[in-house]
Each structure stands twice: as structure tokens, then as C-alpha cells.
Amino acid sequence: MKPTIAIIGLGNAGSLLATRLAGHSYRLLLFDQDRSKAQALRETLLQTVHSVDAEAMDCKVTACWEADLLVLAVSEARKKVVAEQIRQVATCKIVISLATLSRADQSGAHLSGAVQQWLPDSKLVNVWLAPAEDAHLPDSAFLSGTHEGALAVVSELLTVAALTPIEVEDWSA
Amino acid sequence: MYDRLHQHISRLVSLTDDEFAFLKTLFIPKKLRRKHDLLQAGDVCKSIAFVEKGLLKAYTVDAKGVEHILQFAPEDWWISDLYSYLTGEPSDTQIDALEDSELLLLERGNMDIMVENIPKMERFFRITLQNNYIASQRRIKSALSQSAEEKYADFIHRYPDIVQRVPQHMIASYLGITPAFLSRIRGRKAHPD
Numbered sequence: 000m001k002p003t004i005a006i007i008g009l010g011n012a013g014s015l016l017a018t019r020l021a022g023h024s025y026r027l028l029l030f031d032q033d034r035s036k037a038q039a040l041r042e043t044l045l046q047t048v049h050s051v052d053a054e055a056m057d058c059k060v061t062a063c064w065e066a067d068l069l070v071l072a073v074s075e076a077r078k079k080v081v082a083e084q085i086r087q088v089a090t091c092k093i094v095i096s097l098a099t100l101s102r103a104d105q106s107g108a109h110l111s112g113a114v115q116q117w118l119p120d121s122k123l124v125n126v127w128l129a130p131a132e133d134a135h136l137p138d139s140a141f142l143s144g145t146h147e148g149a150l151a152v153v154s155e156l157l158t159v160a161a162l163t164p165i166e167v168e169d170w171s172a
Numbered sequence: 000m001y002d003r004l005h006q007h008i009s010r011l012v013s014l015t016d017d018e019f020a021f022l023k024t025l026f027i028p029k030k031l032r033r034k035h036d037l038l039q040a041g042d043v044c045k046s047i048a049f050v051e052k053g054l055l056k057a058y059t060v061d062a063k064g065v066e067h068i069l070q071f072a073p074e075d076w077w078i079s080d081l082y083s084y085l086t087g088e089p090s091d092t093q094i095d096a097l098e099d100s101e102l103l104l105l106e107r108g109n110m111d112i113m114v115e116n117i118p119k120m121e122r123f124f125r126i127t128l129q130n131n132y133i134a135s136q137r138r139i140k141s142a143l144s145q146s147a148e149e150k151y152a153d154f155i156h157r158y159p160d161i162v163q164r165v166p167q168h169m170i171a172s173y174l175g176i177t178p179a180f181l182s183r184i185r186g187r188k189a190h191p192d
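If you read the sequences in order, they're chains A and B. Taking numbering that gives the first Met the number 0, the leading residue of the first sequence gets 0, the next gets one more, and so forth. Taking numbering that gives the first Met the number 0, the leading residue of the second sequence gets 0, the next gets one more, and so forth.
Next up, chain A with everything else stripped away, as it sits in the complex (with noise of 0.2 Å):
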């Protein structure tokens, strides 16, 4: 069975990722609140991979519903709501919440402990995006949670993603 993931809110890390996944052995739910984003990336992931197999979803509890992983992308502030709407349908489900890494704001690393306890019966993995400073080198993504198998799930995507995974400490304990 192809696995299918929803993306929830489509701002830098969601559609970085989003579009690192399109035209691998994935199905794509693409969900922001602002649905023009979606369908927008869904066209241009259509015109760079002809084999993506990506839709633009109007609810994000659907998307949550019948996917097999979910992506939390929306900003920290927003963290909290999306993941309270999501809960229900999100039961075992492996949870990424995503963020991108910045060296000006740390507050991301702060809220993580903080989206395990909004969604107690998920398996939560955080995983920050790092692109790499030198176009050379290839990007990378921190990532840190406390479920070994969902941990080497995520480190699997990341790397499908042609994102090199690092495992560090959860960094809210």
C-alpha cells in the first residue's frame, strides 16, 4: 500500500517537503487554510513530476482522517489549535511537527514537548529543517521523539526526501 501523508499548512517547511516527496512512492494530501496555496502547489508539483500523485484537500480533519502520517506544518502559534481539531483522527498515527531551523528564534524547540502533550495518544517526531548554507552540501533535518519506531519511519522519509537525517535529543526534556 502506498503511503499516504497529509501535509497541513503549506508555507516553507510544509511545501519544502511537499515538493522533496512529490514522485516518490507517496500520497500527498495537501491542506492550508488558505486553499489557493494548495491547489497552487499542487499544480506546480504536477508540472516538475508527472508521476506525483498529490491533492489539494478544503478539510484538514479529512486529510488527517486518511492519511497514514501527518505533517504539522503551521506555525508554532498555530500548533495548538490545528493539532486540538486533528486529535480524534490522528489516534497512532506518526505525527511530524515541522519547523524550520533558525538560529533568531529558538522558540520552536521550546513548544516541542508541548505538541506530544496536545496529541497524547499520536507518536510524535519533531523535525527541524536545516537547509544547507553552501548550495553544495546536502540539506539536512534534526528530528528528536521518544518512539524508537517512529523515529526510524521519519528517518526513512527524511532521507527519501533527500533531507540527511540527524537524531538528537529531545530538546524540550
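Each hint should be verified, as a subset may be incorrect.
Unchecked claim - Pairs of lysine-lysine, DSS-like flavour, derived with a Cα cap of 25 Å: (1) A/Lys79 / B/Lys52; (2) B/Lys45 / B/Lys23; (3) B/Lys23 / A/Lys79; (4) A/Lys79 / B/Lys119; (5) B/Lys119 / B/Lys45; (6) B/Lys119 / A/Lys1.
None of these hints come from the bench; they were simulated from the model.
Here the structure of chain A is known, so what remains is to put chain B in place on it, guided by the hints.
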């Protein structure tokens, strides 16, 4: 989202509210659209699925590309490739949705956690597996000894709801007869002389 599961379990064992609340945390809620698949041949069947809403079919495809339907699963039924689920070996079965469906998936590890924490569920799964075994035995006997007419009469008697919801060629596949032959049987039933 858990109403049917709750009723279904309550028929065999009674759970406290706390027990059911805990049990809910062990199932993956999964919405599956019509024609989308839950299990592909060659993959390991990682979970058993309870159907809250919708209808699924389990089938194998032979060397000629012909589908042989093993099971239909409407609401209140479980569907999986139990052999693959229990042994961890790749499945030769495909499962997909005939209607938009809402499922609750139970992975092996979570089933262990469930019966460890709620021992009453052992009884539930024992009876459920017994029923599954009885149904399999009935199906084997029917395949070996009943005429096509008897198989069809038995099917519509046992599963009147499924007859309304699936196309005739799938019922023929389930009964192991050609669609043309099923059509003749239905014609004879409608006009006995």
C-alpha cells in the same frame, strides 16, 4: 466514530467507560475512499480492520488476472489477511474499498496491549476468531459440496444487504461461478418454469 465498535464489543463483553476510553486509543482511525486499497498483495498485513462504515472486499488475483473474492466486509465486520497478520509473512491477498469507508485499524502490538490491560478482550477475540473459523469452514464445505444454485440461495439468504450493494459479477466471483452462469440462475429464480 466508535459507535459501531462499541456496540459490537458490548454484544460479547461489557466494558466500563474507562476501559472503552482506553481501548479507543489503540485503534487507528482510517478513512478509505472507494477503490483505494488497504492491503496490497506482497505487503505484510499489519492490522485487522473493523468497518464502522462502508464496504470492502478481500480477494486474490490468479495468474490469468482473474479476481477471486474471498470476503465482503460491510459495517460491523472485521477484515484482514489473518494469516499474514499473525505470521508476519507477506500477504497474497488484496483488500480494497467498494464504497467510501471508515475503518478502525488494530495493529498486532496494540492488540497485545489491549488484552494485557483489558483481559475481558481475550474472550472477545476468542469468540470472534471462533466465528471466523466457523464461517471459513462453512465456506469450504459450500465450495466443495453445494451446487451453484444452492450457493447463491444461501448467499442471498445470509447476506441480503451485500446483494443490494455489490455488482453481480462480484457475487459470481465470490461464489466461484461465471457471471453468465449467475445471470442464468437469477433468471430461473425469477421465472421458475
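Okay, the hints, checked on the actual structure:
1. A/Lys79 / B/Lys52: Status violated; Cα separation ~30 Å.
2. B/Lys45 / B/Lys23: Distance of about 18 Å is within 25 Å: holds.
3. B/Lys23 / A/Lys79: 22 Å, holds
4. A/Lys79 / B/Lys119: This hinted pair is violated, its Cα atoms lying about 36 Å apart.
5. B/Lys119 / B/Lys45: 23 Å, holds
6. B/Lys119 / A/Lys1: Measuring from Cα to Cα gives roughly 35 Å; hence the hint is violated.
Checked against the numbered hints given earlier, this structure breaks hints 1, 4 and 6; the rest are met.
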